[in-house]
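Enquirer: Please build the complex by placing chains B, C and D on the supplied structure of chain A, with the hints as guidance.
Protein chains in written order, with my numbering: chain A, 735 to 850; chain B, 735 to 850; chain C, 735 to 850; chain D, 735 to 850.
Calculated directly from the structure, the hints in this document are not laboratory data. Since this is a predicted model, take the numbers as computed values, not measurements. One thing to keep in mind: the hints can contain errors.
Identical copies go unnamed one by one, so any copy, or any two together, can satisfy a pair.
Claimed, not checked - Dumping the calculated SDA-like pairs for lysine to any residue here, alpha-carbon to alpha-carbon at most 25 Å:
#1 K829 - A800
#2 K834 - V821
#3 K834 - E801
#4 K827 - H838
#5 K827 - D817
#6 K827 - R740
Protein chains: 4
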Amino acid sequence: MTDSLRELAQQLQQFANERDWQQFHAPKNLACALVVEAAELLEHFQWLTEDQSRSLDSARHDAVAAEMADVLLYLLQLSNALDVDLVAAAQTKLKTNALKYPVHLARGNSTKYDEL
Amino acid sequence: MTDSLRELAQQLQQFANERDWQQFHAPKNLACALVVEAAELLEHFQWLTEDQSRSLDSARHDAVAAEMADVLLYLLQLSNALDVDLVAAAQTKLKTNALKYPVHLARGNSTKYDEL
Amino acid sequence: MTDSLRELAQQLQQFANERDWQQFHAPKNLACALVVEAAELLEHFQWLTEDQSRSLDSARHDAVAAEMADVLLYLLQLSNALDVDLVAAAQTKLKTNALKYPVHLARGNSTKYDEL
Amino acid sequence: MTDSLRELAQQLQQFANERDWQQFHAPKNLACALVVEAAELLEHFQWLTEDQSRSLDSARHDAVAAEMADVLLYLLQLSNALDVDLVAAAQTKLKTNALKYPVHLARGNSTKYDEL
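If we strip away everything but chain A, and leave its shape as in the complex, we get (with noise of 0.2 Å):
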């Protein structure tokens, strides 16, 4: 995991560990947690147009940041619980994403979002 990231995923845990934390934070319930907040973050964009949603005000995008960040610390915390290195993790995703859309057959047809 990078460095910016594994401070964060220190920070973390230091900030349960002093409030004696831990005990709450079973991988399942921070799974819960996870859902939640990205719930949060899609709330904001429900009764958006997609046009919409890629022009927020100011006080919405901070708002959204916000709720981005959430997502962030709780998916860490749960890198933290498991012990998952979230960025090799994302390298290995992308990798057998590539494979899976090879560009000349998903350029124009875009089939990946028209069969689900």
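Expert: What follows is chains B, C and D alone, placed relative to chain A:
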């Protein structure tokens, strides 16, 4: 943002550009995809006890890590689309949380977890 | 609760009893399963425009209806587990909403949708 | 659909019509709102143990019932928008599940819950 995260974010942008997928990647749609991936992560835990979630077998651990990667990848694509510095936003949030839950009050009574 | 909903709820209880699944059906777990099903429903719409979501083809329509059924079934199982009368709770909520969004104020300005 | 559910669905349609809110109620948006409400429901349980989730105090029980009502109301609005008979869809799903998890196989080994 850290170098490795920025590198991942750039790879994702190139990946979508090559496939002409930016048209689908309105922030609203990326927020939907983020929740969907977070829920796929939760699906692994839904029938487990908290203790079971702390000791996943190797196959489940790998599957969970792959779902966590998906969450990170959509979060990075959203940060691209909205021009949000994720690590900076997370640092800001950590400072807010430290003020909101001071150690001497939060320790032992876990108010955060009882009073939602 | 209405007769048909009550009948469904009773069938679900019997279904779980016969399989000795009540042990898994803590309200917390059912709430997890409900979110997971709701996200599977959302997955069908995540890359569609709003207009496309209004005119699903027949195969997609059937798949969406099946996901909606899953959401209802977990909601009913949760109402069993917590002894909640869903229809009564919904009627109460409707009255609250009518007070919260009076027609003469809500009509045309859609405050609910702009100020989340 | 049962009479009480149909009555609720009709009330919701009238409620939205009076406020000119149908323009916001594309199925995609309703599916977003449904996930958001389901996550608000889950939020009540995220830090509870399964046992705690089985014995909510009265205030929490009422709050949970109100969130369950919100989930039902959006599910009904989606059934309006897509012309889906929810009870019929649920009955179909129950029959599918009975074939998928026969009692003599499902009882005691809970395969459904181990093999996601």
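Enquirer: Please flag the earlier hints that this structure goes against, numbers listed from lowest up.
Expert: Nothing - there is no hint that the structure violates, so all of them hold.
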